[in-house]
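Those sequence lines, one after another, are chains F and V. According to our numbering, the residues represented by the first sequence are 1 to 87, in order. According to our numbering, the residues represented by the second sequence are 1 to 694, in order.
Just so you know, these hints were derived from the structure itself, not from any lab. Bear in mind the structure is a predicted one, so any value in this text is a computation, not a measurement. Certain hints may be false.
In silico DSBU-like cross-links for lysine-lysine, where the CA-CA straight-line distance does not exceed 35 angstroms [as the list claims (entries may be wrong)]: (1) Lys53(F) <-> Lys256(V); (2) Lys625(V) <-> Lys36(F); (3) Lys53(F) <-> Lys373(V).
Here is what each chain is made of, one letter per residue.
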Amino acid sequence: MWIEFVEMNEPVALYTLKTGQSGRILGFASDDVPMKLYELGLIPGSFVTLKKKLPFGGPVCIRILETSNLIALRKSEADSILIERFL
Amino acid sequence: MKEKKIALVGNPNVGKSTLFNLLTGLRQKVGNYPGMTVEKKTGTFIYGDTKFNLIDLPGTYGIYPTSLDEQVVTDILNNPEHPNHPELAVVVGEPTNLKRSVFLFQQVRDSGIPALFVINMMDEAEKSGIEFDKEKLNQRLQANVIFTDARNGKGIEELKKALSSELEIHEMNYRIPKEFSQAISAIKELNPSLNDYRAWQYLAQNEIKNLPEEEKIQLNKTKSEHKIISRRLQVKETLQRYERIDEDLKDVLTRKEKRPASLTEKLDRIFIHPASGYLIFFGLLLLIFQAVFAWSAPFMDFIDEGFAWLSGSVGSILPEGPVNGLITDGIIAGIGGIVIFIPQIAILFLFISVMEESGYMSRVVYLMDRWLKPFGLSGKSAVPLMSGAACAIPAVMSARNIENDKERLITILVTPFITCSARLPIYVIIIGLIIPEQTFYGFNLQGIALFAMYVIGVLGALGSAWVLKKIIRSNFKSYLILELPTYKLPVWRNVLLTVWEKSSGFIFGAGKIILAISIILWVLGSFGFSEDFKNAEQIVSTQNPGLNGQSLENEVASYKLEHSILGNMGQVIEPVIEPLGYDWKMGIGLISSFAAREVFVGTMATVYSLGDTEDDLTIRERMGKEVNQITGKSAYNFATGASLLLFYAFAMQCMSTIAVVRKETDSWKWTFIQLAFMTGLAYIAALIAYQLLK
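Bound conformation, chain F alone (with noise of 0.2 angstroms):
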């Protein structure tokens, strides 16, 4: 499950992709994030699109790599998702 990168980038937090842009979850920012993120499936390794943003900071939507649905976060909670950018 896990994959080696040649190129490593730095941890950022899911919420400062643009819409489109895709990433890999490294971890968490907190240590008590809601269980259900990771019952989702938005665990380290999981590969993560966003698909939509708000403005005004508002929710985002992203989506799991293979998975049909959708994810609705908040700004709080996608902020908390460290993923390594894909550039």
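Using the hints, position chain V against chain F.
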């Protein structure tokens, strides 16, 4: 006949309720888990020689709860003593998110509950180009997986058959890491009946709710002895399970690559677009408001006239007397007052269930979360708040769809602040009395005042939501982690069942309380202890010898009401309402409008000897002439008018709302807190307004 307890478990949006409705049909009951706002759906059906008692548990992704609804699932599954603990769990999944469903299935089955795995919505698999190797799937899961499509009933027979058949033998799916074996042994020593995974649950759950206090203390001691941090165990288990599921399902699922943009993606480009998304949603809200407000009117008129006719004809058949009055004015009118809400409830839930069924409701949450979250509300609260502008009864009922219990409770508590249509007649009359009919920069002053009342309602709702957010405690953090399911055509059976369940639930659930209060109010208004009340006709005709016919009747009705128990109560509360600028006659109106706010107008008409007139102008004219006996000023001057407006804006003057809040919260505590909070706020606002303006 044999009986078997079955629980439906599954992720949200897997068609679990469709399956439940298909199995149980109308043999279902919707209520609350004791003392909680969490919805409990149970039902029965008979297959072969067995009666199956089904419970539809709230949607969940796993057995480590992050909300009160999920807590309910965990409590039921983890506690064999729980009255709803199932003999068989049916775990429902769907093909496009199979891993999540398998994850839940394995957790449930490892807990020692016999479990069936159902993959529902098989039509979705085709649409998104997913193919299964069913044999391999059965082998990897050590189960006999059942495939259904509840929308059109496919696979239901197989499912029913499987419910009574023997299940495959399986091994524990989760291998507990070696480093915890000592802690597990310690737990099992204390509780020999547990299997390894249940023992693991004792360590991994933050709290095992059903344990007696001393065992909880013992458990926590064991945990700290073995340096167990529950949350780390939860994370560890989840990651390990997913790793294994990835491995197991690798060659079970095949996905056709590069499918064209789906209908859902195309629709979402408009529906959750930062501009058009909001535009469409507000358009929809307006449409819902219009529907609940206007479309229901002919039906409500019909019910109103029907009950008036019924009460009239029953009244003419029965002999005159108190029994006649009780049946016609008390019971029949009371039942009419309950049934009258059905058109609004039915129309609102028609919209809401179509929104839920189609998948649009999740988009509403996504769009509105940013704006309602600061007030402790959910994105979904937008719907109850908006429909509260028509009537708080269906609006409060619609709060049930909100996932988070705290947000749900706050929504229920603040929705009655929104200006409902019953406040409108009062506003119109009072504004007509105290605001001159002039224009101000082209705007009608009275129109501005009415608009201001709507704004006050919204401010009242949002302001108190903000306060309640600070006060109400929840064991669960607020978050938004929400799947947006693909758009689907609504299953009409589900929509109709929802409308039916909401309407009948209101009549039989809240109706009792409404009927009881309306009978009490009728008794208060129709009986009196004093000699004045008993000899009303005589006294009135002696005092006004010139009166006859209708005017005499009106005068007698007024005199009787003033000397009834209700009239006495008006006099008793006069010292309390005097600082607000009201006299005891208005006190009568305040108490009787508890039946429904608009009753105020009719009661004042009776008090002022106008009979049953509903003509606004007549009432307004008469009210304009009324003089307050205490102050000697006009009873409806600017100060008292403003005070009355504010009182009606904030006060919980509606027994039907109280009954429905009681039903939805399953708690008298919150019902009374709301009543006290709203009435207190109304009193203070009216007091300040009157004292400043007089």
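In rising order, the numbers of the hints this structure does not comply with: Result: hint 2 breaks, nothing else.
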